[in-house]
Every structure is written in C-alpha cells, then in structure tokens.
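Start from the sequences and build out the full structure, keeping to the hints where you can.
Single-letter residue listing:
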Amino acid sequence: MIEAERISKRYGDLLALDDVSFSVEQGEVVGFLGPNGAGKTTMMRILTGFLPPTDGTARIAGHDLFRDPLAARRAIGYLPESPPLYPEMDVEGYLRYVATLKGVPRRERSGAVERALVRCGLSHVPRRVIGALSKGYRQRVGIAQAIVHDPPVLILDEPTIGLDPVQIREIRGLLAELAAPKEGGTQHTIILSTHMLAEVEAICRRVILIHNGRKRVDAPLAELTRGGARLEELFTRVTMREPDEASAVAEAGA
Amino acid sequence: MRRVPAIAGRELRSLFASPVAYAFLTLFAILAGFFFLTQLLVFQEQLIRLQQFQMFEQLREWNLNDQVLQYFFGVMAVILLFIVPGITMGLLAAEKANGTEELLLTSPITIWELVLGKFVAGALFVALLVALVGLYAGLLFLYGDPEPGKTGAGLLALLLVGWAYVAIGLFASSLTRSQAIAFFVSFVLLMVLWMLSFLADLGAADGGSLGGGVLGALGGWTTSALRYLSSADHFEQLVKGLVSTRDVAYFGVIIASFLILTKAVVESVRWR
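Protein sequence lines correspond, in order, to chains S and F. Using the working numbering, read the first sequence as starting at 1 and increasing by one per residue. Using the working numbering, read the second sequence as starting at 1001 and increasing by one per residue.
Read the hints as simulated data drawn from the structure, not as lab findings. A quick note: this is a predicted structure, and the numbers were derived from the prediction, not measured. Hints may be right or wrong, so weigh each one.
[What the hints assert, rightly or not] Okay, derived cross-link-like pairs now, EDC-like style, lysine to aspartate or glutamate, Cα gap no bigger than 20 Å in a straight line: (1) Lys135/S with Asp90/S; (2) Lys1240/F with Glu1147/F; (3) Lys1096/F with Glu88/S; (4) Lys215/S with Glu5/S; (5) Lys1096/F with Glu1267/F; (6) Lys1096/F with Glu81/S.
Rendered as structure tokens:
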C-alpha cells in the first residue's frame, strides 16, 4: 500500500532523512517512532506529497507520488501535526468542504460526511463552530477530515498530542476501530507517528524507528516485545547509542 | 477545474463569517456616498453659476457623465487601491498561518484550481463593491439622463481595475504568512502601478525640472512605456467611454501575469 524507496531529504546542510526505505502492506498499522527532530514529520510530509524528497520515490496504493500525484493523493487521508482547521467554519460545513477537495462525488458527499461524523463521535456537534470546540474535539475533527473520503491509507502525525488522558483513550479507541473495522468498513493502512510508546503497544502491529534521519528498527511489535521486553528500553537504547559524535567515539574506544 | 467554485465559495463564506467583509463594504459604501454626493453638489452649483453668467455654450456641453460620473469613478478606483489589499491579504497568507495549506497541497487538486478559486473569491467581492458604485450611478438615471453606454464603460473600467488589483493582491498574499506584510506589499505594488503615469507626465511636462530632467534624458520612449504600464492611464481611457481592446487587454495581461506568478510561488513552497 505504501512503498518508500531510498528517500532522502536535505535542508541546506542538514540531512533530515538519509536513504530511508520501507513498505507497508494493506491493513498494516505501523507505529512510526523516533525522538523529536528524527525526521518523522518530514517523512510524513513527503509521503503525503506536501514536500518533495531530495532523492528517492514513493508509491501510494500503486500510484507514483511524483508522476501521478493526484491519484496518489486521493488515496491518502492525512492528519498533520496541527489539524488543518478553519476556525470560523462549522464542523459539518468543514467536512463537506474537505470531501469536495478530496474528490468525493456530490451525491455521496452527505453520506461521507455523516459517516465521518459518526465514526469520530461528532454527530452531536455538526453545527458547532470549530473555533469554539475543545482541543480534544478539534483533534477529532482533524481525524474526521482525514477519513471523510474513506481513503485506503491514513497518515497521522501525532494524533494524540496535547490531549488529556480521557481524550487520548477516546482517540486511541477510534484509531483501533479504524485499524480493525467491523464488517463492511474499509480496512485502513495506517502510519502513525507518536511519542507515546503505550499507544504503539496498544494499536500498532509493527514499529519503524528512525533516528537522525536513518531507519534503525523495522520489525513486528510482537518480535520486539518478545519475552516481556519493553518498547521503552528499545527506544532508549537505540536513540541513546549515538546522542552525538563524542560519545560515539568514546563508545568505539571502550 | 471542478474544485474552483468550492474553494471560492469557502473563501467568501469565511469572509462574510467575520466582520471584515461587512466593515469593508460599509466603509466603501460610506466613502462612495460621500464622494458621489459632493461631486453632485459641485455639479449643481456650477450649473447654477453657468446659468447666472449665461454661458450657454458651456452649459450645453455639461453633462452628468463627464462632470459627475467620470470623477466619481476615478475617485472610487483610488479607494479600491486601499480596500482591495485588505480583502486579498488573507487569501493565501491565512492558509499558511492556519496550517490549512497542508490540507490544500495534499488534496487531489491542482495548484491552478487553488489559485483560480482564490482569485474568483476576490473578484466576486470586488464585483459586489462595483455593484454598490453602480447603485449610486443608477440613481442618476432616476433624476437625469446620463448615457448608459458611458456609464457602463465606467463601471467596466472599475471592475477591470479592481480585478487587476485582486490578482496583484493575491500574488502578495502568496509570498508570506503574515497578512500585514501581504497588505503592505500589495498596496505598494498597486500604488507604483497607478503612479507610473504621473512619473511619465513629469517627464513629458518639463525637461528642466529635476525629475523631468532625468526622465527627459531617457527620452520619449521611456515616458510612453511608463504610460503604457500604468493602470491609471488605461483606466482613464475606459472611463471616458473609449472602450478599446488595447485597454481591456492591458488588464487581462496584468491579471494573467500575476495569476501565473502566484501559481509559481505556491508551487515553489514545495521545492524549498
């Protein structure tokens, strides 16, 4: 469903992503981990076609992101780090607008909006102005806009950041439901970036960890947590291994 | 191009969801009313004076079109110079500040759809402003008999000049995420474009004066080029009722060029 091939991204002198490849099969839910500044957001922006990579290619649902961008983008639902909301619009009007942008045919738009409202627990606030919603609700609207056109691929950048524990649990429940829908729903392929390792343990079946722009770990969750190992230890071990040049040298000398 | 109406519609709805649109409409209506009325009063007074002095020759040549509407439209074009940047400043800059740019650029729409959608929104708002001006001009038809053709040409001139401003303002809005900067940049661009003909006049008028000396040295070619580039000159021709392809095309070229520039800037965001 998602194939990233040897993607590199350079911002001036900074190499944000260095030759990262991976592929995600249909129905997989992948936790995308890494410390701040590891290149997670850059990778997601590349996969959604917002940023071009310096090098490498990507295919979404079989469409080359750079040669056939419109078809590839149609297959993606994307929640950026900060939800792209218009504060002055009401929830339903906003979702209808996004559905139009994403190419949902006119006749199916109302149904699509209704479905997204229900799935994200927003069906009781369709007329509420987005700017007046709480942060948790705004995050739900953000997820609703990502799924309104029922895309096969979902790319979610920190969907639970800044929420309180109750809201986090609700969003997680929603994500779990998107990952393993009851009969009839689209089984979404999901890439999810987060700092919450518990979240990964709760919903993801596979972990990709990047650090300093390079892929360090890419394995099924079950394998990583075999024998009671904690994801947190792995995360700490991988990201602490080379905090900077000096300690890397010291480690090599030891 | 199917998404153009959706993008334009959302933009207009948001404009009218805030007090900004109403504030601009009210301000514009008040200013239009003020200048319309003063121009009319001046006209009336001068008519009386001409009659008192029995200057029938001149009296015959005085009419609502040349003595009232032409000035009125000219003043409104200058007022648009201030108002249009206020309308266009947010068109693209707000999307950036809002983070919604990421939604637009990851949606299956082309950049042309985005740019044209935004332009259409601004153009429709300007059409509303021109319609207000038309309302005032229409009042004269109730009490006098101005020439419909000339009046129509004046309104067309206002519409064209307004649309050109929208294209320029949209371009300025694509450059930055700050609406204040977008306002300032478009205002300066519009001002320069408008004043080019004054510069040309300066050059043509007096070879001895300071500014004229420099321009005079550059020769007649420069002054006519400046005059051709100036929006004021083309507007003036149209407003006199001289609707020529040359002047209409000028505004078409301005609009097209700035839309193409805007598209290039929006596209370049991806390559930075």
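Does the alpha-carbon distance linking Lys1240/F and Glu1147/F stay inside the 20 Å limit? holds (12 Å)
Does the structure keep Lys1096/F and Glu88/S at a Cα separation of 20 Å or less? holds (16 Å)
Quick one, are Lys215/S and Glu5/S close enough, alpha carbons at most 20 Å? holds (12 Å)
For the pair supplied as a hint, Lys135/S and Asp90/S, confirm whether the alpha-carbon distance does not exceed 20 Å. holds (15 Å)
20 Å limit on alpha-carbon distance, applied to hinted pair Lys1096/F and Glu1267/F: holds (13 Å)
Take the C-alpha atoms of Lys1096/F and Glu81/S, compute the straight-line distance between them, and say whether it is at most 20 Å. Holds, at about 14 Å.
Hint compliance for this structure: every hint is met.
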